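Start from chain A and add chain B according to the hints.
What follows is each chain in one-letter form.
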Amino acid sequence: MKDSGPSSRRQLLRMSAAVGGGLLARPDRPRAAEDMPSELGAPLGPYGDRSPFEKAVRWRRDTKTPQTGSSFTPLEDSVGTLTPSSLHYERHHSGIPTIDPSRHRLLIHGMVERPLSLSMADIRRLPSVSRIFVLECGGNSGSEWAAKTAPDVQRSHGLASCSEWNGVPLSLVLTEARIRSGAAWVIAEGADACRMERSIPLPKAMDDILLAYGQNGEALRPAQGYPLRLIIPGWEGNANVKWLHSLKLADQPYMARDETAKYTDLMPDGKARLFSYQMEAKSVITFPSGGQTLSSPGLYELTGLAWSGHGRIERVEITTDGGRNWAKALLQEPRLPIAFTRFRLPWRFDGREAVIASRATDESGYVQPTRDALIAVRGTNSAYHYNAIKLWKVHADGTVTNVEV
Amino acid sequence: MVKPSAMVLLAAAVLAAQSAKYGVGRPPTEDEIRGLGLAIAPDGTGLPEGSGTPVAGREVFAALCSRCHADKGEGGIGPPLVGGQGTLATAKPLKTVGSFWPYATTVWDYVNRAMPFDQPGLLKPPQVYAVVAYILNLNGIIGSDQVIDAKSLPKVKMPNRDGFVPDPRPDVGNKTRAKR
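Protein chains in written order, with my numbering: chain A, 1 to 405; chain B, 1 to 180.
The following block holds chain A by itself, in its conformation from the complex (with noise of 0.2 Å):
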């Protein structure tokens, strides 16, 4: 090796650089690697974003005040039956407010042997539960009362979220505070600017309300009630008080103005139907569904959700020809109570134009109605708990509309 010095040094370098640019030079090299050497990624963080690429978010309908309102979970674009926190719809009534944990309290008070006033400390010593819930806002589907009904499942079903929750069972809590005799409503009330009422029947909060302090392995999210909420079983969504800081028990509903003046059924003879809490089964197709476009004929994989406040979903039918004829859909296992049920079917779009639509059963056997029946019973200005079949038309050219365009 009497010629190792510099010089070959050097011829070594001229050497590996003509292989490299002779790599670099390679038209079947994949585009991937033209960047050689390989740039670093991202460095790691505390708290994870998204891909970029990734561009889902609420519907927000515009309000004449920003701090009232709803945004819509964009259900359309959900996988698998859980939905991200940040994606989980909102309905607030006056702002969502910035609540320090170490100095908000839980106050129990009213017809109990022993008013109680606890911490969030306090709260999270006690034994805890997770529970799969979907959370539905009483006025979800709103839009599908009238004659001209929502173009996409986002803004005609995306009031409804499905999270896991964990949290004490407000039995708990209340069993500490040693309920009066007499005894048979929970007001309960946020911290909210509006202070957030409603009235809660007794035996129901002795059930399997939870008072929730967890979302999605996390802390709830502010816009969900942070530091602490009531998550109801099957309820409609006002009545799972946010930012919770009162409950008080008593021998009479209180007739807050959320349970009097809104969230009431008008039937058409002008009568309202008065502590409609419960929401029915319901379900609808997320693909293809409304503004989305099959881009030629051939097999497609219906999918959409299902869920019903009274329990499991036992059964989901699809219909691909108006209605004439349903075939069984295939249900993801495993099938949770008062959650999320996702639900498939192969289907073949032949290119002719195609009415499809899912129909839900839960394991009362109630079955979800269609809108004529809906509004043959309710008429169209009941404005709350709309469960009916949710119909879309595919057009020959796959593009996809609500039907009452």
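A few of these clues could be false.
Here are the simulated DSS-like cross-link-like pairs (lysine-lysine), alpha carbons at most 27 Å apart as the crow flies [as the list claims (entries may be wrong)]: (1) K157(B) to K271(A); (2) K393(A) to K55(A); (3) K92(B) to K262(A); (4) K124(B) to K271(A); (5) K393(A) to K262(A); (6) K72(B) to K124(B); (7) K155(B) to K271(A); (8) K151(B) to K204(A); (9) K148(A) to K157(B); (10) K155(B) to K124(B); (11) K72(B) to K92(B); (12) K204(A) to K262(A); (13) K92(B) to K124(B); (14) K64(A) to K72(B); (15) K204(A) to K124(B); (16) K204(A) to K64(A); (17) K271(A) to K92(B); (18) K72(B) to K21(B); (19) K64(A) to K157(B); (20) K157(B) to K262(A); (21) K64(A) to K393(A); (22) K157(B) to K124(B); (23) K262(A) to K21(B).
Hints were generated in silico from the structure; no laboratory data involved.
What you are looking at is a predicted structure, and each value in this text was computed from that prediction instead of being measured.
Frame of chain A, contents of chain B only:
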């Protein structure tokens, strides 16, 4: 609505075996109960001292409420508070305090807890009594010189007090039960 008799039985059943097993928390202070216990019952439970008349309420309304609800409660950025009586069974129902709200105590509770929209909690009890009296008078429910206080407010008979019925659902779905 759950039947009162069933409610009492169910409530009695849940009273069994109650003890302070975990012993967390502390007794609330009187201030905490006063500060958070805003809820007013239909029988007037929770109403504070004070009183107001429609005449006094007109001034408060003009200063704080009319910018959203208009001078006589016709509505603007905020919803209308008057009118609509006789429309509930028509194709275009107008739900207002006068045509729809079943309890006058609810008006007091809501004005006190949630109004004015951008400054809830601003009004003192006599101002709330006065504004509520003014809104009731605009709807022709009370006279313009009637004094509204904790005793008289629960006795005000709202026009739509009997306009509510229990929830009868399921009312539709089972009639369309799918063929197997």
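Evaluation of the provided hints:
Between the alpha carbons of K157(B) and K271(A) the distance comes to roughly 17 Å, so the proposed pair stays at or under 27 Å and holds. Straight-line distance between C-alpha atoms of K393(A) and K55(A) comes to about 25 Å, which keeps the hinted pair within the 27 Å bound. Only pairs whose Cα atoms come within 27 Å are accepted, and K92(B) paired with K262(A) is accepted, the gap being roughly 16 Å. Restraint check for K124(B) and K271(A): not satisfied, since their Cα atoms lie roughly 35 Å apart, outside the 27 Å limit.
Pair hint K393(A) plus K262(A) does not hold up; C-alpha atoms about 33 Å apart against a cutoff of 27 Å. Restraint check for K72(B) and K124(B): the C-alpha separation of about 22 Å stays at or below 27 Å, so the hint holds. This hinted pair checks out: K155(B) and K271(A) have alpha carbons roughly 22 Å apart, not beyond 27 Å. For the given pair, K151(B) sits about 32 Å from K204(A) by alpha-carbon distance, which is inconsistent with the 27 Å threshold.
A threshold of 27 Å between alpha carbons decides the hint, and for K148(A) with K157(B) the separation of about 39 Å lies outside it, so the pair is violated. Our distance criterion of 27 Å between C-alpha atoms is met by K155(B) and K124(B), whose separation comes to about 22 Å. A threshold of 27 Å between alpha carbons decides the hint, and for K72(B) with K92(B) the separation of about 21 Å falls inside it, so the pair holds. Our distance criterion of 27 Å between C-alpha atoms is met by K204(A) and K262(A), whose separation comes to about 21 Å.
Taking the CA atoms of K92(B) and K124(B), the gap is near 36 Å; set against the 27 Å cutoff, the hint is violated. Using a Cα cut-off of 27 Å, the hinted pair K64(A) and K72(B) holds, with the two alpha carbons roughly 20 Å apart. Distance hint between K204(A) and K124(B) is unfulfilled; the C-alpha atoms sit about 35 Å from each other, more than 27 Å. Among the hinted pairs, K204(A) with K64(A) is inconsistent with the structure: their alpha-carbon atoms are about 36 Å apart, more than 27 Å.
Under the criterion of a C-alpha separation no larger than 27 Å, the hint pairing K271(A) with K92(B) is consistent with the structure, at around 14 Å. Proposed proximity of K72(B) and K21(B) is contradicted: the alpha carbons are some 55 Å apart, above 27 Å. Proposed proximity of K64(A) and K157(B) is contradicted: the alpha carbons are some 33 Å apart, above 27 Å. With a CA separation close to 20 Å, the supplied pair K157(B) and K262(A) stays within the 27 Å bound.
For the suggested pair K64(A) and K393(A), the alpha carbons sit about 33 Å apart, so the restraint of at most 27 Å is broken. About 24 Å separates the Cα atoms of K157(B) and K124(B), which keeps this hinted pair within 27 Å; it holds. Pair hint K262(A) plus K21(B) does not hold up; C-alpha atoms about 39 Å apart against a cutoff of 27 Å.
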